[in-house]
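From just these sequences and the hints, can you work out the full model?
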Amino acid sequence: MIDQFTLSLISGIFIGGVAGYLGSLMITKRMGLVGEPLGHLALPGVGLALAYQFNVFLGALLAIILAEIFILFLQIKTKSPLEALTGLVFTTGVALGFLILPFSDEHQLEEALVGDITKISFFDTILSVVLSVLVFLIIRRIYSKILLFEISEDLAKTEGINVEKYNFIYLSCIAFIVALTVKLVGGLLPVALMVIPSLTAKNIAKNINQYSLGSLIFGMLSAISGILIYNFTKLPAGLMIVISGFLFFLISLFFVNRK
Amino acid sequence: MKEKILEVKNLSVKFGEEEVIKNLSFEVEKGEFLIVLGPNGSGKTTLFKAILGLIPSSGEVIWQRGKIPKISYLPERLSRERFYDLPITINDFFKFKEESEEKISYVLEAVGLEPKEILNKNPVNLSSGQFQRMLIAWSLIKEPEVLFFDEPATGVDIGGEETIYSLLEKFWREKGITIFLITHELNIVYKYATNVLCLSKKGFCCFGKPKEILTPDSLEKIYGAEINFYDYKHD
Numbered sequence: 001m002i003d004q005f006t007l008s009l010i011s012g013i014f015i016g017g018v019a020g021y022l023g024s025l026m027i028t029k030r031m032g033l034v035g036e037p038l039g040h041l042a043l044p045g046v047g048l049a050l051a052y053q054f055n056v057f058l059g060a061l062l063a064i065i066l067a068e069i070f071i072l073f074l075q076i077k078t079k080s081p082l083e084a085l086t087g088l089v090f091t092t093g094v095a096l097g098f099l100i101l102p103f104s105d106e107h108q109l110e111e112a113l114v115g116d117i118t119k120i121s122f123f124d125t126i127l128s129v130v131l132s133v134l135v136f137l138i139i140r141r142i143y144s145k146i147l148l149f150e151i152s153e154d155l156a157k158t159e160g161i162n163v164e165k166y167n168f169i170y171l172s173c174i175a176f177i178v179a180l181t182v183k184l185v186g187g188l189l190p191v192a193l194m195v196i197p198s199l200t201a202k203n204i205a206k207n208i209n210q211y212s213l214g215s216l217i218f219g220m221l222s223a224i225s226g227i228l229i230y231n232f233t234k235l236p237a238g239l240m241i242v243i244s245g246f247l248f249f250l251i252s253l254f255f256v257n258r259k
Numbered sequence: 001m002k003e004k005i006l007e008v009k010n011l012s013v014k015f016g017e018e019e020v021i022k023n024l025s026f027e028v029e030k031g032e033f034l035i036v037l038g039p040n041g042s043g044k045t046t047l048f049k050a051i052l053g054l055i056p057s058s059g060e061v062i063w064q065r066g067k068i069p070k071i072s073y074l075p076e077r078l079s080r081e082r083f084y085d086l087p088i089t090i091n092d093f094f095k096f097k098e099e100s101e102e103k104i105s106y107v108l109e110a111v112g113l114e115p116k117e118i119l120n121k122n123p124v125n126l127s128s129g130q131f132q133r134m135l136i137a138w139s140l141i142k143e144p145e146v147l148f149f150d151e152p153a154t155g156v157d158i159g160g161e162e163t164i165y166s167l168l169e170k171f172w173r174e175k176g177i178t179i180f181l182i183t184h185e186l187n188i189v190y191k192y193a194t195n196v197l198c199l200s201k202k203g204f205c206c207f208g209k210p211k212e213i214l215t216p217d218s219l220e221k222i223y224g225a226e227i228n229f230y231d232y233k234h235d
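Listed in order, the protein sequences are those of chains D and G. Numbered by this note's numbering, the letters in the first sequence go through residues 1 to 259 in order. Numbered by this note's numbering, the letters in the second sequence go through residues 1 to 235 in order.
Keep in mind the hints are simulated off the structure, nothing from the lab. A couple of the hints might just be wrong.
Said to hold, decoys possible - Derived lysine to any residue pairs resembling SDA-like cross-links, with alpha carbons at most 25 Å apart:
no. : chain 1 : residue 1 : chain 2 : residue 2
1   : G       : LYS97     : D       : ARG30
2   : D       : LYS77     : G       : PHE15
3   : D       : LYS29     : G       : LYS67
4   : D       : LYS157    : G       : THR45
5   : G       : LYS67     : D       : ALA156
6   : G       : LYS97     : D       : ILE138
7   : D       : LYS157    : G       : SER79
8   : G       : LYS95     : D       : ARG140
9   : G       : LYS70     : D       : SER144
10  : G       : LYS121    : D       : PHE70
11  : G       : LYS95     : D       : MET31
12  : G       : LYS97     : D       : ARG141
13  : G       : LYS121    : D       : LEU155
14  : G       : LYS30     : D       : GLU159
This is the structure we're talking about:
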């Protein structure tokens with residue numbers, strides 16, 4: 001049987017990598033912060049999963065999807081701005097999450113808020129690997145189309161790109177990845193895994209390939225370093241992953257590529 | 001007789017209550033250089049978008065034999081600055097078109113740019129004239145049959161402007177493509193247009209050969225008092 005450390009390392013590398021890769025697309029779309037409310041939205045699901053002993057990833061994913069549908073419904077019904085409605089739903093999500101979260105169990109609370117990859121099961125590791133690879137392949141296919149749409153909506157449309165279809169795929173990928181990152185860094189920090197590696201890669205990349213692959217690699221490196229630090233210090237792995245990511249970002253500042 | 005490539009019948013576009021384009025009808029032959037003329041706010045860009053199906057409209061847009069040809073569209077105000085915060089090279093930008101490296105170099109050379117010098121640069125590093133030429137190369141790479149250019153020389157200095165229009169004319173002559181061009185420059189209209197479609201804010205419109213329809217009287221109807229700023233003398 002593979003030992004616990006290897007399991008956490010494998011799942012960390014895959015989730016971290018694909019989160020960074022997806023994040024590189026999110027920051028070009030100026031959607032870097034979208035992961036944050038989505039992560040918070042996952043909290044009630046995570047709370048329920050912990051309370052009733054079912055899979056945390058499943059709890060997070062269901063909560064996110066339900067919340068997204070609810071936000072869209074509210075937008076159609078009230079015609080209020082999407083971001084304000086997201087604010088409404090995600091703060092309610094946090095409030096509900098905190099009601100459900102098991103405060104009596106300090107460890108479970110920590111797992112929900114800042115993640116705990118160090119006790120990941122064999123099944124969850126396989127699930128993370130499969131989902132990460134799948135989302136990576138999907139994103140790779142739609143990457144350039146979403147990017148062109150970002151540069152000019154009209155250009156993309158006249159190139160025959162079905163904008164609504166690709167946006168739907170893109171948003172679904174975000175929901176899946178946020179649900180996966182909850183395992184790694186909890187409901188409070190998923191945006192860190194998406195934004196920090198891509199900002200780091202952006203500092204040194206000269207073209208789109210270097211940028212997107214760089215984001216993937218820095219996502220992986222942050223996960224590896226965080227888990228290694230946990231192994232030596234027993235400080236929470238989720239927090240260490242975020243902090244390692246930030247350190248890589250600081251180092252990249254010395255190599256900022258001037259246009 | 002020349003082939004008709006596009007027929008527009010009773011095209012109307014509404015933004016809320018305001019009818020920006022009202023019952024517009026005209027026909028375009030294959031290989032025409034059609035210039036759309038009119039002051040700001042007269043609906044030129046809206047007309048392009050409606051023909052291209054980018055915005056909802058009523059009426060009919062009928063392409064030759066009911067088949068949409070290979071179209072390339074260069075929208076207005078696609079600015080260099082849009083690329084500023086993206087780690088993107090000109091090579092990356094051309095990769096969206098999924099064409100070979102040779103083809104990319106070929107079109108860049110055709111618009112007078114040196115591929116080796118610019119391919120690894122970010123578009124923000126080009127001069128405004130180079131940037132527009134790069135965009136023209138981008139729109140030509142897939143050998144479109146019809147081109148829609150919305151003020152392709154905006155922000156380019158006067159010498160550069162001339163280069164851009166003569167480039168367009170060169171491709172138009174060599175490839176026999178149909179060009180739809182929006183411009184404010186009357187001298188360009190007289191020099192290149194086979195037909196002109198003029199729009200005004202008050203719903204006046206005209207269509208025909210530039211020298212026949214662009215009279216001082218019609219120009220005043222199109223531009224109102226603004227016409228004082230335009231040089232409408234021609235030989």
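These are the hints, each one checked on the structure:
1. LYS97/G <-> ARG30/D: holds, 24 Å
2. LYS77/D <-> PHE15/G: OK: LYS77/D and PHE15/G at ~22 Å, within 25 Å.
3. LYS29/D <-> LYS67/G: With a Cα-Cα distance of about 34 Å, the restraint between LYS29/D and LYS67/G is violated, given a limit of 25 Å.
4. LYS157/D <-> THR45/G: holds, 15 Å
5. LYS67/G <-> ALA156/D: Holds - the C-alpha atoms of ALA156/D and LYS67/G are around 20 Å apart, at most 25 Å.
6. LYS97/G <-> ILE138/D: holds, 19 Å
7. LYS157/D <-> SER79/G: Since the Cα atoms of LYS157/D and SER79/G sit roughly 18 Å apart, the hinted pair holds (cutoff 25 Å).
8. LYS95/G <-> ARG140/D: Cα-Cα ~14 Å, so holds.
9. LYS70/G <-> SER144/D: Measuring from Cα to Cα gives roughly 21 Å; hence the hint holds.
10. LYS121/G <-> PHE70/D: Given that 25 Å is the threshold and the Cα spacing comes to 44 Å, the pair is violated.
11. LYS95/G <-> MET31/D: holds, 24 Å
12. LYS97/G <-> ARG141/D: Distance of about 14 Å is within 25 Å: holds.
13. LYS121/G <-> LEU155/D: holds, 21 Å
14. LYS30/G <-> GLU159/D: holds, 22 Å
Hints 3, 10 from the list above are not met by this structure, while the remaining hints are.
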